[in-house]
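First to last, the sequence lines map onto chains L and W.
The first sequence begins at 21 in my numbering and counts up one residue at a time.
The second sequence begins at 21 in my numbering and counts up one residue at a time.
Since the hints were derived computationally from the structure, they do not count as laboratory data.
Here the structure is a predicted model, which means the values were calculated and not measured.
Glycine included, each C-beta is placed from N, C-alpha and C at the ideal position.
There's no promise every hint is true.
[What the hints assert, rightly or not] Mimicking EDC-like on lysine to aspartate or glutamate, the simulated pairs with C-alpha atoms at most 16 Å apart in a straight line are:
no., chain 1, residue 1, chain 2, residue 2
1, W, Lys-285, L, Glu-306
2, W, Lys-285, L, Glu-299
3, W, Lys-177, W, Glu-167
4, W, Lys-285, L, Glu-320
5, L, Lys-285, W, Glu-299
6, W, Lys-285, L, Glu-317
7, L, Lys-285, W, Glu-306
8, W, Lys-204, W, Glu-108
9, L, Lys-285, W, Glu-320
10, L, Lys-206, L, Asp-111
[To be verified] Stretch by stretch, here's where chain L covers chain W in the computed footprint (C-beta under 8 Å, at least three residues):
no., region
11, 278-290
12, 293-299
13, 313-323
14, 349-355
[Claimed, not checked] Chain W side only, calculated, beta carbon under 10 Å to chain L, not exhaustive:
no., residue
15, Thr-255
16, Ala-259
17, Arg-260
18, Ser-265
19, Phe-266
20, Trp-340
21, Thr-341
22, Val-344
23, Pro-346
24, Glu-358
Protein chains: 2
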Amino acid sequence: MREKAEAFIRQYYQESQLEGVSDRLEEVEKQILDRGTYDHRPDELSYGAKVAWRNSNRCIGRLFWKSLKVRDRRELSDPSAIFEDLMEHLDFATNDGKIRPVLTVFSPSTEPTQTVRIWNKQLIRFAAYRQYDGKILGDPESVAFTELCESLGWEGKNTAFDVLPIVIQVGNQRPEWFEIPKDKVKIVPISHPASDCLDELGLQWYAVPVISDMVLEIGGVVYSCAPFNGWYMLTEIAARNLADSFRYDLLPVVAERLGLDTGSKRALWKDRALLVLQEAVLHSFETAGVTLVDHHEASEQFLEFCRIEAEKGREVQADWTWIVPPTAGSTTGVFHREWKNEVLEPNFFYADPAWK
Amino acid sequence: MREKAEAFIRQYYQESQLEGVSDRLEEVEKQILDRGTYDHRPDELSYGAKVAWRNSNRCIGRLFWKSLKVRDRRELSDPSAIFEDLMEHLDFATNDGKIRPVLTVFSPSTEPTQTVRIWNKQLIRFAAYRQYDGKILGDPESVAFTELCESLGWEGKNTAFDVLPIVIQVGNQRPEWFEIPKDKVKIVPISHPASDCLDELGLQWYAVPVISDMVLEIGGVVYSCAPFNGWYMLTEIAARNLADSFRYDLLPVVAERLGLDTGSKRALWKDRALLVLQEAVLHSFETAGVTLVDHHEASEQFLEFCRIEAEKGREVQADWTWIVPPTAGSTTGVFHREWKNEVLEPNFFYADPAWK
Ligand code: HEM
Ligand code: HEM
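Pulled out of the complex, with its shape left as it was, chain L reads as follows (with noise of 0.2 Å):
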């Protein structure tokens, strides 16, 4: 705890061109002492974040991290007041359709008593229901969320899109769940602009993906609670979420109203559909007026944060299988670079689901 506090206060002064950094230094050296722990001054809470930001080595948005909103929140301590909160972190990166990066920090994990957990790995996520037949309606990934949630009390609607209800943990306490009004979600229906195909599937996503379930390492310290927005890239709904056999598997389904033979295995009949709902969904967002990066741009975006932090002196760490987008990759400039990908800190990590 000591080394790693020193070395993010010294890292901080030192970026940020500030003063004094030997006297901030005996301060959280004699907190440390006292409690076994420090706490974080706004300000580095928010250096911090963004930093966290900065080192993610398989995030491909990493240009805008100066940006990202940060609230502190660690003084919240009862789920109600948590969940009201949470909406407004809601409202405020959805805004109205032009995505504010946000994240919200709440007590961290040195506070056995008061530390928050979300159970859920993202703020909006659409439930699954196993049916009779065995198949599944909704998204294949919330299989075990959603039991949890009945579990619970909570009942869905059995559509394909049911949004989760949030479910908040605060220390050993019994968790609670809520849920998420509809005016706090912003939904994007998907129609192709060409083609009927996509028409009366339902197809729709929502605006704001918020990671809910990693943990942010800051100096030490561990915050188990701190859900993070940016906005989609386009892959991961229309090449991943949408597409994946294990997720909606909308592939054999467009192809077959695209009238294309799926049984015959030469025919790019997975190519093509792959085309048609990266066309629909990007197409979708903006006549919603939402936004969203294709991989093209997030690609050239990516290699001007490089540009820009070896201007800075700084090694961008990325890792390669992650930045490369799931689609057209050798079309992208990332596909021909290579990075080292150590893990620096601050940073975000995976931490075991609370109700595993």
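We have chain L already, so just place chain W with the ligands on it with the hints.
Just chain W with the ligands now, with coordinates in the frame of chain L:
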């Protein structure tokens, strides 16, 4: 050398369930003591080359490793004879379109005066000419090598698809170049089954990719010349050779002919043009009766290879960044897998080009 030799011989005898490994090891040991190296028996050479393919971490085509035809040409040391033999390799591999995986081994580096080097990257590859306006006609990858050929006295025809001559060097002798007769090079003209957007571009590609610039290492012996070929995977031609901006760079050309707005960032014009190229190459190889595998089938074949290897108790090593195809990545099974990426031997390795 002794350790590698022993490990290889033991592996061969064990995997092939042969008797008499200690006799053979004694023999090998004696040769190494006498001459600092040893000769592979033809059966060892053949097994070694096949396993080198099986161990090629970046190759998605490994399901067929056992079927590799290995041609032992260690006795050849005359450039003309070597060239004639390479023409036989081409004939046998091309097989009128039903392509066969073939590898030809020449004299190893341990015999410096006889060491064979082919200076080409691939036996068949298209030339590149720098034009007065600075643009490049042909395959930009070949600029330096084409200039080299010209300095040796070769003259191209100044088309975008001139097949380069083969440059062969034995020991420290002057390299010699040989023009490949037209009837040895199967060429596939590229057209689209439904659209006329490629007409008059004169696109074409060759049927057989024969890698000629990697060294083959078996049991400590380095074969500096061991050209090998499989058949093409669709994306190698359509998504890389014809599409990369630093290769034939055809995406903007195709997109314009499709009437797409290439100025608009968000129109997915690269994705659409890429799909058209893929459809065209697939269709054209099919029409020409030339073996080619698409990325979906190749992915399934590779996963089948993984299953078989697991059954045999061998852990597959693979380089995810090369195994996953450069487009439609996440629609293929290999995208959702991970492998260790240790380099086993025998294997193929890069070598410094003989001419640089
Ligand atoms: C502003 C727009 C943003 C875009 C376009 C973007 C894009 C992406 C994409 C495409 C991925 C890969 C996701 C996947 O394949 O599952 C990713 C991962 C990630 N991003 Fe971003 N991102 C953005 C904002 C942010 C923000 C604000 C943060 C944190 C403050 C962040 C942190 C991360 C992290 C930690 C990962 C890895 C997630 C994991 O390992 O599961 N990103 N991002
Ligand atoms: C039979 C059909 C084959 C298919 C479809 C196939 C497919 C591929 C593909 C798609 C790549 C990546 C190429 C690139 O992105 O540049 C590759 C790489 C490779 N393959 Fe295969 N392959 C086949 C046969 C072979 C054979 C016969 C050998 C050797 C005996 C071989 C050894 C290799 C090696 C060493 C690499 C890595 C090349 C490098 O690092 O530049 N492959 N293969």
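Do the hints match the structure? See the list:
1. W:Lys-285 - L:Glu-306: Status holds; Cα separation ~13 Å.
2. W:Lys-285 - L:Glu-299: holds (13 Å)
3. W:Lys-177 - W:Glu-167: The given pair, whose Cα atoms are some 13 Å apart, holds under the 16 Å limit.
4. W:Lys-285 - L:Glu-320: Measuring from Cα to Cα gives roughly 11 Å; hence the hint holds.
5. L:Lys-285 - W:Glu-299: Judged against 16 Å, a Cα distance of about 13 Å means the pair holds.
6. W:Lys-285 - L:Glu-317: Since the Cα atoms of Lys-285 (chain W) and Glu-317 (chain L) sit roughly 7 Å apart, the hinted pair holds (cutoff 16 Å).
7. L:Lys-285 - W:Glu-306: holds (13 Å)
8. W:Lys-204 - W:Glu-108: Distance ~9 Å between Lys-204 (chain W) and Glu-108 (chain W) Cα, so the pair holds.
9. L:Lys-285 - W:Glu-320: holds (11 Å)
10. L:Lys-206 - L:Asp-111: This hinted pair holds, its Cα atoms lying about 9 Å apart.
11. 278-290: Since 4 is at least three, the answer is holds.
12. 293-299: Holds: 4 residues of the region 293-299 of chain W have a Cβ under 8 Å from chain L.
13. 313-323: holds (count 3)
14. 349-355: holds (count 4)
15. Thr-255: Holds: closest Cβ of chain L sits about 8 Å from Thr-255 (chain W), inside 10 Å.
16. Ala-259: Hint holds; Ala-259 (chain W) Cβ to chain L Cβ min 5 Å, cut 10 Å.
17. Arg-260: Since the shortest Cβ distance to chain L is 6 Å, the answer is holds.
18. Ser-265: holds (8 Å)
19. Phe-266: holds (8 Å)
20. Trp-340: Cβ of Trp-340 (chain W) sits 6 Å from chain L, so the hint holds.
21. Thr-341: holds (6 Å)
22. Val-344: holds (8 Å)
23. Pro-346: Result: holds, 3 Å to nearest chain L Cβ.
24. Glu-358: holds (9 Å)
The structure agrees with every numbered hint stated previously.
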